[in-house]
Amino acid sequence: MINKKKYIDIKDNTLILRWANDRDLENVNKLYNKYYKKNRTINQAKWIFINKIIKSKNNFLAIAELNGEIVGTQALIPMIFRLGKEKFLTAKSEETLVIGKAYKYNTFSKLYEFILGNIERYDFKFIWGFTPKIKSFNRIGFSSPYQTKSWIKLIRSDAMQYYLPEKNNYLNYLSVISKIIIFYQLVISSLTNLIYKVRFPRTKIILIKDIKFSEELFLKYVNNINRNNQNIFIERNKDFFNWRFAENPFCKPITIFAFDYSKSKLPLGYIFFGMNEDRRACIIDFSIKENTNEHKIGNALINELEKRVFDMGAHSIYTWDPNINNSIFRNCLRRKGFIFLDKGSDFVFKNISNDKRFDWENLSENFLFTRLMNLGSIF
Amino acid sequence: MESKIKIFILLIKNLKILSKFQFNDKGFSIFSKIKFIHINDQNNISSKLKSAILIPLNPIKSKNQEKNSWEANIDGVDIILWDKILKPNKWYSFPSNENPLFYFHPKRNLILPSWDIISSFQLFIKGENNKNKDKLGRIISNKIEYHNLKLDKQPHLNNANFIFLKATLLINKFSEPVNKFISPIKLIISHDIDLLRANDFLSQSIRIYRLFKSLIKLNFRDVRKYFSGFIRAIFFPYRNYGNSIFGMIDIERQYDYKSSFYFLFGKRGRYGPRSSERETLNFARAIPEGWSIGLHYNFDSFKNDKSLRNQLIVLRRNLKKKVLSGRAHYFIFDLHKDAKLLNDCGIKIDESLAWNDSLGFRFGIAGPLIHQNQNINTLFVPTIFMDQLFWHSDNQVEFNLEYEHLKKVGGIASFLIHNDIFFNEEQPLFIGKYQKLLRKLYEDDLICCLPEDIYNISKPFLS
Numbered sequence: 004m005i006n007k008k009k010y011i012d013i014k015d016n017t018l019i020l021r022w023a024n025d026r027d028l029e030n031v032n033k034l035y036n037k038y039y040k041k042n043r044t045i046n047q048a049k050w051i052f053i054n055k056i057i058k059s060k061n062n063f064l065a066i067a068e069l070n071g072e073i074v075g076t077q078a079l080i081p082m083i084f085r086l087g088k089e090k091f092l093t094a095k096s097e098e099t100l101v102i103g104k105a106y107k108y109n110t111f112s113k114l115y116e117f118i119l120g121n122i123e124r125y126d127f128k129f130i131w132g133f134t135p136k137i138k139s140f141n142r143i144g145f146s147s148p149y150q151t152k153s154w155i156k157l158i159r160s161d162a163m164q165y166y167l168p169e170k171n172n173y174l175n176y177l178s179v180i181s182k183i184i185i186f187y188q189l190v191i192s193s194l195t196n197l198i199y200k201v202r203f204p205r206t207k208i209i210l211i212k213d214i215k216f217s218e219e220l221f222l223k224y225v226n227n228i229n230r231n232n233q234n235i236f237i238e239r240n241k242d243f244f245n246w247r248f249a250e251n252p253f254c255k256p257i258t259i260f261a262f263d264y265s266k267s268k269l270p271l272g273y274i275f276f277g278m279n280e281d282r283r284a285c286i287i288d289f290s291i292k293e294n295t296n297e298h299k300i301g302n303a304l305i306n307e308l309e310k311r312v313f314d315m316g317a318h319s320i321y322t323w324d325p326n327i328n329n330s331i332f333r334n335c336l337r338r339k340g341f342i343f344l345d346k347g348s349d350f351v352f353k354n355i356s357n358d359k360r361f362d363w364e365n366l367s368e369n370f371l372f373t374r375l376m377n378l379g380s381i382f
Numbered sequence: 162m163e164s165k166i167k168i169f170i171l172l173i174k175n176l177k178i179l180s181k182f183q184f185n186d187k188g189f190s191i192f193s194k195i196k197f198i199h200i201n202d203q204n205n206i207s208s209k210l211k212s213a214i215l216i217p218l219n220p221i222k223s224k225n226q227e228k229n230s231w232e233a234n235i236d237g238v239d240i241i242l243w244d245k246i247l248k249p250n251k252w253y254s255f256p257s258n259e260n261p262l263f264y265f266h267p268k269r270n271l272i273l274p275s276w277d278i279i280s281s282f283q284l285f286i287k288g289e290n291n292k293n294k295d296k297l298g299r300i301i302s303n304k305i306e307y308h309n310l311k312l313d314k315q316p317h318l319n320n321a322n323f324i325f326l327k328a329t330l331l332i333n334k335f336s337e338p339v340n341k342f343i344s345p346i347k348l349i350i351s352h353d354i355d356l357l358r359a360n361d362f363l364s365q366s367i368r369i370y371r372l373f374k375s376l377i378k379l380n381f382r383d384v385r386k387y388f389s390g391f392i393r394a395i396f397f398p399y400r401n402y403g404n405s406i407f408g409m410i411d412i413e414r415q416y417d418y419k420s421s422f423y424f425l426f427g428k429r430g431r432y433g434p435r436s437s438e439r440e441t442l443n444f445a446r447a448i449p450e451g452w453s454i455g456l457h458y459n460f461d462s463f464k465n466d467k468s469l470r471n472q473l474i475v476l477r478r479n480l481k482k483k484v485l486s487g488r489a490h491y492f493i494f495d496l497h498k499d500a501k502l503l504n505d506c507g508i509k510i511d512e513s514l515a516w517n518d519s520l521g522f523r524f525g526i527a528g529p530l531i532h533q534n535q536n537i538n539t540l541f542v543p544t545i546f547m548d549q550l551f552w553h554s555d556n557q558v559e560f561n562l563e564y565e566h567l568k569k570v571g572g573i574a575s576f577l578i579h580n581d582i583f584f585n586e587e588q589p590l591f592i593g594k595y596q597k598l599l600r601k602l603y604e605d606d607l608i609c610c611l612p613e614d615i616y617n618i619s620k621p622f623l624s
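Chains as they are written, first to last, in the working numbering: chain X, 4 to 382; chain E, 162 to 624.
Hints may contain errors.
Here are some, though not all, of the chain E residues that point toward chain X, as calculated from beta-carbon distances under 10 Å [as the list claims (entries may be wrong)]:
1. Arg400
2. Ser405
3. Ile406
4. Phe407
5. Met409
6. Ile410
7. Arg414
8. Asp417
9. Phe583
10. Ile592
11. Tyr595
12. Lys597
13. Leu599
14. Tyr603
15. Glu604
16. Asp605
Hints listed in this document are in silico derivations from the structure and should not be mistaken for laboratory results. Glycine is no exception: its CB is placed at the ideal position from the N, C-alpha and C atoms.
Taking the hints into account, I'd like the entire structure generated from these sequences.
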């Protein structure tokens with residue numbers, strides 16, 4: 004493993020590529036905050052780069068230094084994926100950042116060249132991530148086969164002001180538009196509720212409970228619900244939830260489960276959600292056990308979610324489309340009046356194994372997208 | 162003299178308990194080894210005394226020093242002190258002669274505070290005469306001299322502990338800065354549940370009154386606000402009121418925080434609760450496990466012995482839970498007159514001590530305060546940051562200064578957020594602020610405690 008790579012140009016400027024150590028983290032974070040005008044704390048940065056998903060001394064954060072100054076960063080976050088019963092290691096591309104004066108050194112591609120040359124022994128099958136800079140990724144062999152799609156439901160009249168600039172809000176027209184949309188969504192949602200009430204009169208079949216991720220049963224229930232799930236997705240195991248939920252220094256999701264009313268220990272589905280500082284609620288993960296009354300359970304979970312986030316003060320609910328055909332989740336969202344938007348983040352992908360099974364073409368159909376794949380400020 | 166010794170004992174007891182919340186394990190271990198000894202004045206120090214902090218009961222001062230304050234810096238923390246005492250001969254000042262924090266004798270390892278700490282402590286805990294009170298019997302902050310002199314902008318006792326720890330480190334030749342021994346702030350969040358529904362007669366009457374007032378003033382924005390508020394209250398009475406309890410709980414869940422809910426019970430009336438007992442109990446029963454329930458003592462609680470007892474009986478009997486903490490409605494509470502009744506009723510933590518009209522550390526402490534009467538075991542944790550005050554745009558700078566100072570010296574920060582303020586379209590200024598507040602506190606690593614936790618940690622010190 005090469006720990007350092009040096010490039011010198013004709014003006015004797017030295018570009019050094021190396022793995023970041025603990026001492027670099029503060030400068031990496033400063034660069035990130037300056038570049039993106041954010042206020043990420045050092046604890047939050049540490050959480051992103053240091054996890055226990057795989058046992059390694061390295062934190063897979065590469066930096067480019069130009070005459071001693073950090074001018075570029077690129078990180079990989081190891082993530083275990085599951086395909087049927089098979090588990091394999093993948094890496095999420097994070098912290099892609101190159102500042103202007105380092106462009107001419109082709110820093111981004113050199114950073115990835117350095118990373119790829121150093122991670123062979125870890126047997127990552129593919130690298131994936133979300134980025135607005137797809138051209139740069141395309142140039143170094145990544146494909147950009149997909150763009151996430153979204154579902155939105157407005158629940159308060161100030162919602163549109165979040166999605167559209169308020170400065171042109173003459174006569175408060177955004178509020179009027181919000182109210183019209185809310186009315187439309189309310190009609191659809193009420194119709195769905197009415198249909199379920201007619202189909203299941205006076206029978207309470209679903210019980211909703213909060214189960215915290217620190218509780219022992221949490222993982223058992225999640226595994227039980229996802230047991231027959233054939234989607235390709237992050238392995239939802241103890242290490243992942245510990246890192247992603249319990250130790251999250253940004254904020255933690257609210258986790259509710261649906262149970263069979265008569266057998267209160269039989270989990271039927273779950274929904275994880277939260278609300279960000281801008282009062283936008285977000286569904287982070289959603290799953291329903293197969294061969295159950297899926298639409299009814301989905302409806303109950305989304306009803307509870309709506310009630311809870313409304314009381315929290317949310318103006319809208321947002322989530323990604325799961326990308327799975329005939330997805331129950333998608334149907335539930337539609338029936339609850341969520342609006343589909345063909346707009347989201349660009350997804351980039353690169354198979355770095357020699358195994359063709361991990362080509363995007365072979366994965367795309369069952370590749371599940373949820374906000375659980377997102378890091379940083381999670382909602 | 163005897164009364165000064167009593168004050169000395171009370172002061173030291175308070176400092177010791179406070180140190181448990183203020184310092185980390187290492188800091189607490191160093192602090193707990195400190196010997197505090199009272200002396201009469203700084204010119205009569207026995208030659209036998211060694212390795213101790215000396216507290217003069219009748220210190221010698223220059224004339225008219227009581228109200229003169231000065232500022233000094235230790236390891237990046239600015240500390241405000243007042244009521245300077247004279248430096249004994251052949252002693253040294255730290256950090257400077259002009260603005261000293263303490264005097265010390267390096268050979269005998271003796272430390273002497275540079276200010277009259279006994280008088281300063283008395284300043285905060287002494288009773289007040291009725292001239293300084295409003296019609297509800299609460300002390301008006303701007304009629305109090307120490308508030309006007311801004312001596313309550315920093316928690317005096319927390320500062321004193323910080324200075325004494327620094328002095329001890331210096332004398333014992335520790336090279337580390339004092340902030341290495343400070344623990345993250347302990348956080349207490351509580352919610353006064355004054356109103357559960359928006360459509361009671363009084364609330365609706367107020368809306369109609371304001372609606373007409375804004376019509377006369379042709380303020381159509383307010384007309385819309387009060388009209389829609391009136392209609393909304395009819396169809397959704399719990400929205401923005403009772404239901405906000407669960408909204409706040411869910412926001413707290415996102416940061417792993419817990420809080421206390423103080424429910425208002427007892428006789429209904431202008432200053433009493435506007436919701437029925439049954440309704441209040443239904444909401445109290447729905448509070449999930451892990452969150453604490455306490456009593457928001459009704460307006461008339463301290464007028465006779467029975468009222469408070471009855472409110473507690475209703476709550477305890479119906480919830481089948483221990484109710485150990487509370488806060489007085491409108492902060493109507495007199496530490497000297499009403500504390501005994503609280504103690505007799507089994508209230509272990511009270512959060513009634515606060516300015517109702519201003520920010521500031523009213524009792525000079527950000528942590529638990531012990532009562533002067535040794536028979537009273539109730540601990541008083543002053544409410545420091547109340548929603549309407551610290552979220553008000555005029556108080557932003559002051560809030561930041563006080564909060565940032567507390568972060569540096571350590572202690573307990575208690576926040577009060579009302580359920581009808583948390584998210585209320587009729588008070589749009591506060592919308593979304595609770596989430597932002599908790600995010601900030603979470604990023605600052607504040608450790609959330611319930612009143613019961615504070616009591617259990619303090620209990621060994623009380624005996």
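Checked hints:
1. Arg400: 8 Å, holds
2. Ser405: 6 Å, holds
3. Ile406: At 8 Å from the nearest chain X Cβ, Ile406/E passes the 10 Å test, so the hint holds.
4. Phe407: 5 Å, holds
5. Met409: 8 Å, holds
6. Ile410: 9 Å, holds
7. Arg414: Holds, about 5 Å.
8. Asp417: Cβ of Asp417/E sits 6 Å from chain X, so the hint holds.
9. Phe583: 8 Å, holds
10. Ile592: 7 Å, holds
11. Tyr595: 8 Å, holds
12. Lys597: 5 Å, holds
13. Leu599: 8 Å, holds
14. Tyr603: 7 Å, holds
15. Glu604: 5 Å, holds
16. Asp605: 9 Å, holds
In summary, the structure agrees with every hint in the numbered list given earlier.
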